[in-house]
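**Q** Protein chains in written order, with the numbering used here: chain U, -13 to 238; chain E, 9 to 220.
Since the hints were derived computationally from the structure, they do not count as laboratory data.
Certain hints may be false.
Here are some chain E residues pointing at chain U (derived, C-beta under 10 Å) [stated by the list, open to error]: (1) L60; (2) V177; (3) E207.
The model shown is predicted, which means the values in this text are computed figures rather than measured ones.
Using N, Cα and C, we set each Cβ at its ideal position, and we do this for glycine too.
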Amino acid sequence: MTVDDQKLLAYLDGQLPDTEMDAIANLAERDPEVMSRLAEYQDMTKYLRDRPVTEAALQNLHRVHTDVLKVESTLPRTPTVGTKGQMRNRRLVLVLLSLLALGAIALAILYQPTPSDESSPEILYAAYFDPAEISFATRDRQTDEELLDAAEMFNNGQYNQVITLLEGRVEPKARYALGISLLDQGRTIQARQVFDELRRDQTIYSDDVYWYTGLSHLRDGNTLQAITAFQLIDRSSNKKRAAESILEKLSD
Amino acid sequence: MNPSGYLKPFRTFDAEPPDLTQKSGLVSQLDLNQRLRSGDPELLRGLYTSVLPSVKSWIQSNSGTTEDALDIFQDSIEALIRKAVASGIGHDSNIEALLTQICKNKWIDKIRKKKTEDKVRSENPLRYEDDYSSEEHLIAIEEEELRQRSLHTSFRRLSSTCQQLLEMVMTGQDVKSIVKKLGMSSPNTMYRRKHACMESWRTYLNDVRIGS
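Looking at chain E on its own, in the form it has when it is part of the complex:
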């Protein structure tokens, strides 16, 4: 039995970890954020080719299947994209190492959910133990994901008219056309309604945050 008394430690990679002494060979850091923001298919395919095999093998070695690995991998790239769009990914980050670590943390979290509270406590130190990339970036990405999920969930609780109105306003549609499309009496009504919708959204957002 291992020192924790409950769990076997996760197996580490058989293959050599990515070389952190160099910046990613896949993309130049300068345009990494831009390419992630646009969902550049060449970059995404490159990541699937260079990172997925090792992630897949690690997840399979830790009670997962190929399908699990593919799901986790897609979720992790999505998290990277969301972070790049929201505030960018740090220029000193190695994209492959960062992605690998996000995948591992996501898988650990998923497994953790299946286990009892005692086992969870014993497993906690396993997060970030293979720290190939900056922990700071990882935390920022996880926080961004959580933030976006709260915004998304609370936004979806608004009435369809509110959602439609806010989307139209925020994407810069002309006030007159919004008023016409939504059958409102005047721009003033539209602004009043918009403000009310934003207030409701903020209330829901706080509810979601308290709930989580």
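Just chain U, with the same shape it has in the complex:
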């Protein structure tokens, strides 16, 4: 007997009827593979439950470490002894280093500061990639089981499985969901190809397509292309506000 992960997770949540709970417990005793999957899920659960405790302890460590660093910075370094010639050389090195430092400061003033980690493209991508749920409405008579399954998986965040179901589909919404799923899986070039096709076909997803094209460039670390895509989003689009927020962060 095989058992899928959904059932194992429902078992761990205690959401199955008693008979099924017993069946899975028995199966796990007999089948090491099932037991191993259960153990893995329990391990993941434990990691998340422990996290607040670990984080609090690490914050204390950080505070103590910072105090130690302050003390360390006040400690005198062991002086090194050298000949007069060596001392002269050292002074020369110090002067050169000071000049270099001054040059670096001047450059820093002349040029834009580099973006902080918080506004790095990859982090912005992670912060803003959060697709809305989709549905393939039943009023569309073409709707079939495959699309319904794809929508369910898409809404559950199982993007790798969505790709399998939707590759080769021609419906604009299916292509749209496919593009987002490819993007989530890091297949950015293919995702952009899908988005380009949708834009060329002038579907209703044009603005969303600019949005996700921008995100795909962020994921690749290409800030300039991302900015271009975000700027193309129409003012009336519901993505405009988010795009403006990203543009603002990118300009920081």
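Starting from the structure of chain U, add chain E where the hints point.
**A** Chain E only, in chain U's frame:
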């Protein structure tokens, strides 16, 4: 040239090694795990006072700087804390000796990364050579660190909604409030989504493990 043909052996401590015939004088073993789990500042400060100086001197004697020593020391205490939270540290371990050995191994690993493959091979036997503490504990701590890093890395690959949902569920937040906060239609949707997120996480976790 030393027998390995490439590397000078690491210098050992000038100072006397910690006394392993006694349990740590710094803390009672009974509450050691509890104090590490809570990140007890008194315990942490005590460790910095009693162990850092010898670690610093050893790292400086082995091509490192004070800053290197401080970084390694912080990482090592973090590893101890993670192990204490996850499954506890063995009651027969001497905390100072264990911490010292973790620091040394971390520094050796760091140096090893900088060297060529040949040099790495010649350096391998140096790990654990100054075995002041139980090798079993050391391995358990290193494994726990690796396990936690894989869990952390794979978890961070999930979408922000998934991360938020799992954190809320695991920290025991009320189902109704989670459904409301995340704008879901029903508790059933939430459980379905949670299960999907856990499945994705497990897939990523296996990817990370294969990758490492």
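**Q** Now tell me, hint by hint, if it's right for this structure.
**A** Hint-by-hint comparison with the structure:
1. L60: Holds. Min distance 7 Å.
2. V177: Holds, because the Cβ-Cβ distance from V177 of chain E to chain U comes to roughly 8 Å (cut-off 10 Å).
3. E207: Where the cut-off is 10 Å and the nearest Cβ of chain U is about 5 Å from E207 of chain E, the hint holds.
Hint compliance for this structure: every hint is met.
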